[in-house]
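Those protein sequences? They're chains A and B, same order as listed. First residue of the first sequence? That's 1 in my numbering, and the numbers climb one at a time after it. First residue of the second sequence? That's 1 in my numbering, and the numbers climb one at a time after it.
Just so you know, these hints were derived from the structure itself, not from any lab. We put the beta carbon where it would ideally sit given N, CA and C, even for glycine. The reader is advised that the hints may include incorrect statements.
Estimated spans, in silico, between C-beta atoms of each pair [unchecked claim]: (1) B/V70 to A/D201: 54 to 60 Å; (2) A/E114 to B/G101: 51 to 57 Å; (3) B/K162 to A/G132: 17 to 23 Å.
Letter by letter, the chains look like this.
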Amino acid sequence: MLNITDLHVSYGSIEIIHGISLEVRQGECVALIGANGAGKSSTLKAICGLVPAAMGTIMLEGRDITNQSGHSIVKAGITMCPEGRQVFPQMTTLQNLKMGAYTRRDAEQASDIEEMMDMFPILRDRASQAAGTLSGGEQEMLAIARALMARPKLCIFDEPSLGLAPKIVAEVGETIKRIKEMGKTILLVEQNSAMALRLADRAYLFEAGEIVLSGTGEELQSHPSVAKAYLGH
Amino acid sequence: MIEIIQQIINGVAIGGVYVLIALGLTTVFGILGIAHFAHGSVSMFGGYLTFFFVTAWGLPLIAAIMVSLVVGLMLGVLIELLAYRPVRDANHINAFIVALGLTMMVEGLNLEFFGHEQVVIPTDLDRVFNIGGVTIPELRLYVILAAAMLIVAMTLFVEKTKTGQAIRAVAENRDAAILMGVNVNTIPLVVFSISTALGVCAGVMVGSLFAIAPGIGEGLVVKGFAVLILGGLGSIPGAVVGGLVLGITEALAAGFISSAYKDVIAFVVMIGVLLFRPQGLMGKA
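Model the full assembly from the supplied sequences, consistent with the hints where possible.
Okay, structure coming up:
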C-alpha cells in the first residue's frame, strides 16, 4: 500500500535521512523503532508532507505522493496522529472530532462520531469540554479518534505512548490492537520498542538516519542487538 | 442617570467600530501571527471608496457600501498574496516591515486618489429618536445594529461552518490543522478577505458618523490593537468586550471629564486592566 524508495530528507544543508526504503502492506501494522533522533519522526513528516523529501519517492497505492502538500496527502488517504497529541486546545472535544472529518463530504460523519464515542466512552463525557482541559490520556484517545474520523487508508501513530502513565500506555496499546483488528493499515513509531514490536507484524530499526535491520516483530524482538540496545535484556 | 445612558449609547456606537477593526486584526493575528498595521488605512480606503461611489457616481448608499464590500473582499486577497505571502516563512520582523510599508503605501494612495480634505459620507439618516429622554440619532442606531449583526455573523461563521472551524484550527495549531487536511494556502486568503471587508464596514461607519481624513486610519489601527490587548489576543469574544469597554470608557471620559483627554483616560483604564489581568479581559492565563 505504502512504498518508500530511497528517501532522503534534509533540514537546511544537513541531511538527516540518508536514503531509506520501506513498505507497508494492506492490513499490516508496521513499526519503526530506534533511538531518539534516529530519523523516525522525520520519515513520518516527509510522508505527511510536513517536510520536503530531498530525494526518493513515496507511493500510496501506486500513486506518487512525494512532496505533495499536506492537505492533499490527507485527501489521498493518510492521516497522522501526531506526537504530543496536538489537539486543538480551545476547541471542544466534539469540534476536534469534526475537524478530523474535515476532508469528508459524506453524510455519515455524525454516525462515525457516535462510533468513536462508543469506542472511547470518556470522549462522550467530555464532548462539550475544551480539549485542552482533558488529561493526557484522554487527549491521546481524542487524537486517535480524531485521526480515525478521516476514515484513512493508512493511519500513522507518532509516539502515542510518549509522556503517558504506564496504565494509560497499556490502554493505548490495546487501542492500537483494536484498530488493527478493525482492518486498518497502521504505521507506528514508538520509543517504547517492546510495545511496538508486540503490536507489529513487521518492523524496521532506524539508526542515524538509516534502516539497519528489518523483519517481523518477533524476529526483531529476539534479535540480539535489538534485545540488548532497545529492549534492555 | 440619563446623561450616563446617553454617553454609554454613544460609546457603544464607536465601540462597535473598534470591535469590527479588532475582529479583522485578531483573525489575521491568530492565523498568521502578524500585526497587520495597514488595516486602519485599508479601512479608510473603504470609507473613501463608498464616499466616492455616493458623491461621484450617485449610487444609493446601500449600493455604494455593497460595491465597496466586494472591492474589500478582493483587496484582502491581493494584500495576502502580494504583501504577506512572500514573507510568510521568513522571520516575523519581515512581515512587520511589510506591514509598515503597506500602511504608508495605502495612506499615500488614499491621499493621491481622494485628496487631503476631510470627507463625510452623506446619508439621509438624520432623524433623531427620543426614548425616555435619551436621544439616539438614527444613523448611530443603524451603526450599532449593523455592527451587532456583523459580530453575530462573524461568530456564527467561525463556530458553525467548516471553513470557520478550519480558521480556528489553524490559529490553534497549524501543523495539526494540516494533518486534518486543511489547505493552509487558502485559509489566509479567506481570512484577509473577511477582515478587509469588516474593515471596509468600519471605514464606512467612521466616514458617516464622523469624517475620514489622512491619518485617521493610523489612529484607528492603534485603537484596534489596544482593543486586542485589552480583550485578550486572538479571541473573538475578547475583541467584542475590549472594543465596547474602550468605546464606552472614551465616551464617558469625553462626556464627564474632557473630550481632549478621552484617549489618555481610555489608555489609563487599559493599563489599569492589564495590571490586574495581563492576559486581557477574556484571555486565558
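Status of each hint after checking the structure:
1. B/V70 to A/D201: 54 to 60 Å: holds, 57 Å
2. A/E114 to B/G101: 51 to 57 Å: Holds, since A/E114 and B/G101 (Cβ atoms, about 52 Å apart) stay within the stated range.
3. B/K162 to A/G132: 17 to 23 Å: holds, 22 Å
The structure fails none of the hints (numbered hints given earlier).
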